[in-house]
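Engineer: Each chain, written out:
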Amino acid sequence: MRIAIIDYGAGNLPSVERALRGLGAETERATEPAQVAAARAIVLPGVGHFGAFVAGLRERKLTEPLQAAHKAKIPILGICLGLQAMFASSEEAPNEPGLGFFPEKVTALPKNVKSPHIGWNQLRRVRESRLLRGVPEDAYFYFAHSFAAPGSAPVTVAACDHGVSFAAVIEAENLFGVQFHPEKSGETGALVLRNFVEWLS
Amino acid sequence: MTLARRIIPCLDVDAGRVVKGVEFEGLRDMGDPAELGARYNREGADELVVLDISASNQGRGTFLDTIRRVAEQLNIPLTAGGGIRTMEEGRAVLLAGADKVTVNTAAVRRPELISELSQQFGAQAVVLSLDVKRKNGSWEAYVRGGREATGRDAADWGAEAVERGAGEILLTSIDRDGTRSGFDCEVTAKIAQTVPVPVIASGGASTFEDFLAVFTDGRADAALAASIFHLETHPIAALKKFLAERGVPVRQSR
Chain A
906 MRIAIIDYGA
916 GNLPSVERAL
926 RGLGAETERA
936 TEPAQVAAAR
946 AIVLPGVGHF
956 GAFVAGLRER
966 KLTEPLQAAH
976 KAKIPILGIC
986 LGLQAMFASS
996 EEAPNEPGLG
1006 FFPEKVTALP
1016 KNVKSPHIGW
1026 NQLRRVRESR
1036 LLRGVPEDAY
1046 FYFAHSFAAP
1056 GSAPVTVAAC
1066 DHGVSFAAVI
1076 EAENLFGVQF
1086 HPEKSGETGA
1096 LVLRNFVEWL
1106 S
Chain B
113 MTLARRIIPC
123 LDVDAGRVVK
133 GVEFEGLRDM
143 GDPAELGARY
153 NREGADELVV
163 LDISASNQGR
173 GTFLDTIRRV
183 AEQLNIPLTA
193 GGGIRTMEEG
203 RAVLLAGADK
213 VTVNTAAVRR
223 PELISELSQQ
233 FGAQAVVLSL
243 DVKRKNGSWE
253 AYVRGGREAT
263 GRDAADWGAE
273 AVERGAGEIL
283 LTSIDRDGTR
293 SGFDCEVTAK
303 IAQTVPVPVI
313 ASGGASTFED
323 FLAVFTDGRA
333 DAALAASIFH
343 LETHPIAALK
353 KFLAERGVPV
363 RQSR
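Chains as they are written, first to last, in our numbering: chain A, 906 to 1106; chain B, 113 to 366.
Keep in mind the hints are simulated off the structure, nothing from the lab. Fair warning: there could be bad hints in the mix.
[Stated by the list, open to error] Quick list of simulated restraints, FRET-style, between CB atoms:
1) K966/A <-> E260/B: 34 to 42 Å
2) R197/B <-> N1000/A: 32 to 40 Å
3) A261/B <-> R945/A: 32 to 40 Å
4) T198/B <-> A960/A: 41 to 49 Å
5) R259/B <-> A960/A: 55 to 63 Å
[What the hints assert, rightly or not] Only pairs whose alpha carbons sit at most 25 Å apart, straight line, appear in this in silico SDA-like list of lysine to any residue:
6) K353/B <-> V1040/A
7) K132/B <-> L176/B
8) K1016/A <-> I165/B
Don't be surprised by glycine CBs; every beta carbon is placed ideally from N, CA and C.
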């Protein structure tokens, strides 16, 4: 199955693309609403600022096709900011609504720890996960972010702690999200992407 | 669950080759950046830094090509920089495949460069390269590869850069760089306690004990070294095992 990687004009597209292709997946860069509407599987990568990200999606008229894809139960994997965009809103840009797949709000990491949270950290499993199948409990993943969705969100399958418990991996039916960068997380990151690709087939 | 301390090999690149400065000899060729990058990726490096030390603008295209070639070999983060003067040059480095860009000289001259890059690409993509030299019990920030003093206190400038949106500081002790006398733990601890972002310590690494010291006394979030890794005298896996046995949280490959 071909995976549409949403191209909103910035972000770490080539590395995500390379990682998916390395697993044998077919990918295309989706820049047009029609491509998103026709997609059978979607990866939503994102780095940078929440406001610029959701505005970028809106300007390219990709917001509604993404919401329609979710309604049609098309599998979507959000990476980093892509995960955050699945929520209702973010403190980073209070006036820019997210995709609203989940009602919670993305908030800034607390001031008592170093922010951005940059580096390799471990996960705390909350419940059974499709993305983390076969991933060792103590595996490390590469994070680089200053904002995060609450670990208490019902869609959280694995949390991470950095001053606060936040959602590191989310899953809900057709929706998947990882706050870390699987394409930058060595072999364990590749395993997460492989689990997503295999779940599609 | 703990945030691991990072071990970061650094590739100093000139005209598409990894080089090492050698006293009285000039530059010694240390190999192909893509090959070295692939090796470090395999050996458990947590991240890779590639710095353009050619200091000439003619080599810009070659450097971007080097970033592209290195990025293709990695499934770990890549930081690149050296001589970045404008937002467009920073963008080119990120589009070539780097996850973060380092700035130094141009940011001292025009601190808005940090704000611009941070607003566009996020604080996690902007690394302040802070080169410091000890002066009367404090530390002064230097630019142009350590050749020019800025007159600015290193901690003050670091704090301002973070205020403007730098998400990380790559701190190099000019006094220790190339001396193999260990990291400067004192300045590392000082900066690490001043700024609310991660600090990567650099300059002077020689032994496993040096790394242990900079993670404990120096409070560093990450430690960077070049030649001791290139020469294969200090394998990354052995270094991480050494640190783990002494209670430093590190990501060990299995």
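Engineer: Against the range 32 to 40 Å, how does the distance between the Cβ atoms of A261/B and R945/A compare: consistent or not?
Structural biologist: At roughly 59 Å between Cβ atoms, R945/A and A261/B fall outside 32 to 40 Å, so the hint is violated.
Engineer: Run the distance test for K132/B versus L176/B: straight-line Cα separation, threshold 25 Å.
Structural biologist: Given pair K132/B, L176/B holds - Cα atoms ~20 Å apart, limit 25 Å.
Engineer: Measuring from beta carbon to beta carbon, are K966/A and E260/B in 34 to 42 Å?
Structural biologist: Given about 49 Å between the Cβ atoms, the range is violated.
Engineer: Do the beta carbons of R197/B and N1000/A sit within 32 to 40 Å of each other?
Structural biologist: holds, 33 Å
Engineer: Taking 25 Å as the top limit, are the C-alpha atoms of K353/B and V1040/A close enough?
Structural biologist: With Cα atoms ~22 Å apart, K353/B and V1040/A stay inside 25 Å; holds.
Engineer: At the C-beta level, are T198/B and A960/A separated by a distance inside 41 to 49 Å?
Structural biologist: About 24 Å separates the Cβ atoms of T198/B and A960/A, which means 41 to 49 Å is violated.
Engineer: Holds or violated: K1016/A with I165/B, Cα cutoff 25 Å?
Structural biologist: Measuring from Cα to Cα gives roughly 36 Å; hence the hint is violated.
Engineer: Kindly confirm whether 55 to 63 Å is satisfied by the beta carbon distance between R259/B and A960/A.
Structural biologist: violated, 42 Å
Hints 1, 3, 4, 5, 8 from the list above are not met by this structure, while the remaining hints are.
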